[in-house]
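Novice: Combine the two chains into a complex, taking the hints into account.
So the sequence lines, in the order shown, correspond to chains A and B.
The first sequence begins at 1 in the working numbering and counts up one residue at a time.
The second sequence begins at 275 in the working numbering and counts up one residue at a time.
Do not rely on the hints blindly, as some may be mistaken.
Unchecked claim - These stretches of chain B come out as covered by chain A in the derived footprint (C-beta under 8 angstroms, 3 or more residues):
id, segment
1, 333-344
2, 437-443
3, 473-486
4, 527-537
5, 550-559
These are calculated hints, taken from the structure and not from any lab test.
Everything numeric in this text was worked out from a predicted model, so none of it was measured.
Just so you know, even glycine gets a beta-carbon here, dropped at the ideal spot from N, CA and C.
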Amino acid sequence: MNLTRREQLTGRVFLIALVVVTLLPFLSMLSAALQPRGTVPTGLAWPTDPHWGNFVDAFTVANMGALLRSSLLIVAGVVPASVLIATMAGFGLGHLRVPGGRFVFLLFLLGLTLPFEAVITPIYYQVQDLGLLNTRWAIILPLIGLYMPFAVFWMRAHFVNVPRELADAARVDGSNTWQLFWRVQVPLARPAIASLTILLFLWTWNQFLLAIVLVDDSTKRTMAGALGAFQGQWGTDQVLLCAGSLLILTPTLIVFLIFQRQFIKALLQGSLKG
Amino acid sequence: MTTAPGSVTAQRAGLTGLARPGHPTAGPPRRRRRPRLARWSGWLWVLPALVMYAVFVLRPLALTFQYSLYHWNGIGVARWAGLSNYATVFTDRDLLKIVGNAFILIIFFSFIPVSLGLLVAALARRISSGPFGTTVRTILFLPQIIPLVAAGIAWSWLLSSTGLVNQALRAIGQDGLARAWLGEFDTALPSVGFIGAWVLLGLCTILLITGISKIDPALYESARLDGAGPIREFFAITLPSLRQEIGVCLTVTVIAALASFDIVYIATGGGPGLQTTVPGLEIYRLAFAQRQVGLASALGVVLMALVLICVLPIQRLTREEKE
Chain A
1 MNLTRREQLT GRVFLIALVV VTLLPFLSML SAALQPRGTV PTGLAWPTDP
51 HWGNFVDAFT VANMGALLRS SLLIVAGVVP ASVLIATMAG FGLGHLRVPG
101 GRFVFLLFLL GLTLPFEAVI TPIYYQVQDL GLLNTRWAII LPLIGLYMPF
151 AVFWMRAHFV NVPRELADAA RVDGSNTWQL FWRVQVPLAR PAIASLTILL
201 FLWTWNQFLL AIVLVDDSTK RTMAGALGAF QGQWGTDQVL LCAGSLLILT
251 PTLIVFLIFQ RQFIKALLQG SLKG
Chain B
275 MTTAPGSVTA QRAGLTGLAR PGHPTAGPPR RRRRPRLARW SGWLWVLPAL
325 VMYAVFVLRP LALTFQYSLY HWNGIGVARW AGLSNYATVF TDRDLLKIVG
375 NAFILIIFFS FIPVSLGLLV AALARRISSG PFGTTVRTIL FLPQIIPLVA
425 AGIAWSWLLS STGLVNQALR AIGQDGLARA WLGEFDTALP SVGFIGAWVL
475 LGLCTILLIT GISKIDPALY ESARLDGAGP IREFFAITLP SLRQEIGVCL
525 TVTVIAALAS FDIVYIATGG GPGLQTTVPG LEIYRLAFAQ RQVGLASALG
575 VVLMALVLIC VLPIQRLTRE EKE
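This is chain B alone, in the form it adopts within the complex (with noise of 0.2 angstroms):
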């Protein structure tokens, strides 16, 4: 995808002409007589990489397996736990509440942006690459770049008592709607995976539109013709021809989601009660607030199954297309 700039940058590093028809190069016997030190010694190139990875992944990762297996508050001996943790996180009732709240979480954070998304690309079609063009991506943008952070302590203002929401709501003659949304039992957990909507929405709304500006005008026209409306013409060309973006969009939302941690920490730190815990709060609250190590681990290693049970399909419905 680069080729054309890189070479360029090729011929000024040195190496002009080194495509030169007619220049007797010897090239694949030469290459195939590297000897195998050579070969082996390409490992350094790799090494450092590896290295890292392996102390500040592999090893944590190795661990988590091990303590999951222990009882362990994270200062004293350690006990021999067997399955007991993963145990308790498959019945405990909490635990099991807490796991379904990120795949709640699933609908808010993956289902609305992912198909708002696509109502928006399929409207809008593409995107100009005038200014009104770029000033739209750049804002649509702009919760990517923002910290989670800082997109959960805008949302509590917002979602708070006296913010935007409820004031639009006493606007329209709704008063009896105003609440404390992220506060209340019923509306804490869907408030929180607004807030992932409206942080997801943008993104995939214009990886959609770049997915459909890449389809065949051809193809439209042509069902034009045949006379198809707006609605076959979304199911029969646009649909279908998005299935790769459409995977991707699900798998980035689907992460965020199981994997939530920064906009519930600040938004609601995962209350009233449990309503809105997700497994990533869990976590850091069995760890290091409750020192249940052992238990914290077992939830993270589960917590790891379940983005792989859950991405691993998508990813492979949306790669079969490209074999």
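Isolated chain A, as found in the complex (with noise of 0.2 angstroms):
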């Protein structure tokens, strides 16, 4: 693209501008956590004395392994289950055209815009009758059926454009559904399957709404369901509170920081599909 320099220059001015916006809540955090226990922080000022100790005080104060356990634990009970369970309907809806597959489709679309909120409480009650309030099955349940519309509208997406010349050879080569969706059409689905597993991990990880309604229990909830017991708890004290928050923030931004371009990359599809 033939962009003038100062064209370019200015591009970057703007998008640097951006770039610390974005990282100044997180270095005023940072110097917050920084201070003695106890003071009353002022926004950003680097101390001369960082107490690095006070992460320490909150890793034990927030019971962070126990913490990581639960959020783990959740997002295993949620993720591949839901997956699985999607990729499956997809394969069913954009491949096989079941008999009144458009119907289904139909249905679950309707549930894509669909507000938490909207459902909490009679998921609430629901939860209660089947005896599974605080416990993590309370949160690990729900959120697979609340996911159901975008998953299956994204797996769906995928299979609908697979070339049906693919299936057709597989039959000829007499492999049976199971053995095509296995063999040919799940290794082929392999980066939409990707995506939406990033997409779920992370969803799962920072919902907030289920954790607070369904369990009290914050070392049985999900990292922001805890992080908001820990606020409860903390708030006033804004140096713990601060370097609480970074450390429990500290396991997502590591596996983001890994798999940034994946991460990146589903985000941006999923917005765009979604």
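Specialist: Right, dumping it as structure tokens:
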């Protein structure tokens, strides 16, 4: 593109300004987290004597080990199951074209823009009836259901675009539908499945509403739910709150930095299709 | 979009040469003759997803409608209420204010990120794939990766009386402007909106830049030759070509505004007064603190309807071009 130098420069300056605004909250939290406990920190001031020990305090106080374990258990309960059944449904609706599939697909679409708040009350009573309140299942099972509209929509969009000749050829080879699915379609769908996995992981990890409504014990919640509880408990101790929040964010940030390309791709595609 | 790497995988799966030309494939007739039973057995593939969806979304959805027609405290006997809960939602001054707050948030959650994002995207035009571009992209995505709760906590700190915002104001001699932004009546809602704008700005910018990089550069070249300035260029080429991306940004951000919960819950808890209370938070309070399940459900139905009313036209406007 033949942009003039001046134009390129203006573009860069704006982007950098945006980057600074995005980073400032994190820097300001870090600067507060390094102040001595019990002082009132100010916005952004690099401490002469940084108290890195605050992070150790926060690790113990927040019960980080238990929180990580809980979030991982919830993710393990939600993501593989959701991806599997959504892939199967996407295959059934997009490839096999089951009779009445169009209607079912519309039914799924219905849930695509549904705010979780609109169904949280009945979900609470339903989970109570199942005797699952205050267990991780209270978050896992409803989340799988709530993800289905997007997940099925996403996987169906993939299967609709797979050339039919491939499947026909596999049929000629004598594969049945089961083999066709696992040996041909799933390997082909790997990029779509990977993106979906990333999105569902992120949404589960960051799920707040279900966690605070359905689970009281913060060590049985998602990371976001635990963070909310941490703020409720330590909201007045700004130093510890900032240290704890940064700590709770660290696992997500590490995973993001490792898989950033995949994350960004998934988020961009996810919003384009959603 | 994924056929190229995909077909390699298919070959690895033991289907090499399946598209060999001249191979006597009796494709179409054979497919037609698939027995009816086999077609119906396809339902087995859809069933698990459908069951989870029905149990944890469709049933609760039906129950929300049902609850909304009753007065119920969640424990005792429910009393038939007809449409009176809906009448309350549409006449109660507090509830109307709360719904209004959600619409004010749209200005901050949608309008600011989309217009600022457009400005930055039009100026930057593209992000290089080099280290600079990768760093920028990664950082701009950070607010999308962290939980909204964390954004709420971070900005509560930045906007507090000793926070960075006031520190900056004092540094430029505007001490008079310094205040507890989230605590004061006039500034609380815009401040909450600002947090949402911060969360969504990066996503919108990157989406729009990605859109711009897909525009044929020849269009810009010919515009230059015709003597178009940057502003004409923006309105004649950039804006129309970005219709789909703008639609996506608007959809995502409008839903985020109307269904907002996490940020408000953390940053202000809905206060001061009802200044920052949004429908999502009010549903939570009505259902679980005040035990007015019927009214909470009616508000839930209204919220659902509002989202659809706002999002469907956006979808229609942006899909049109693709047909």
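Novice: Closer than 8 angstroms, Cβ to Cβ, for at least three residues: run that test on the segment 550-559 of chain B against chain A and report holds or violated.
Specialist: holds (count 4)
Novice: So is the segment 333-344 of chain B in contact with chain A by the C-beta rule, three or more residues under 8 angstroms, or is the coverage claim wrong?
Specialist: holds (count 6)
Novice: How does the coverage statement for the segment 437-443 of chain B fare against chain A, requiring three or more residues with Cβ below 8 angstroms from a Cβ of that chain?
Specialist: Per the Cβ count (6), the hint holds.
Novice: Can you tell me if the segment 473-486 of chain B counts as covered by chain A, using C-beta to C-beta distances under 8 angstroms and a minimum of three residues?
Specialist: holds (count 7)
Novice: Test coverage of the segment 527-537 of chain B by chain A using CB-CB distances below 8 angstroms; three residues minimum.
Specialist: Coverage by chain A holds for the segment 527-537 of chain B (5 residues, Cβ < 8 angstroms).
Taken one by one, the earlier hints all hold for this structure without exception.
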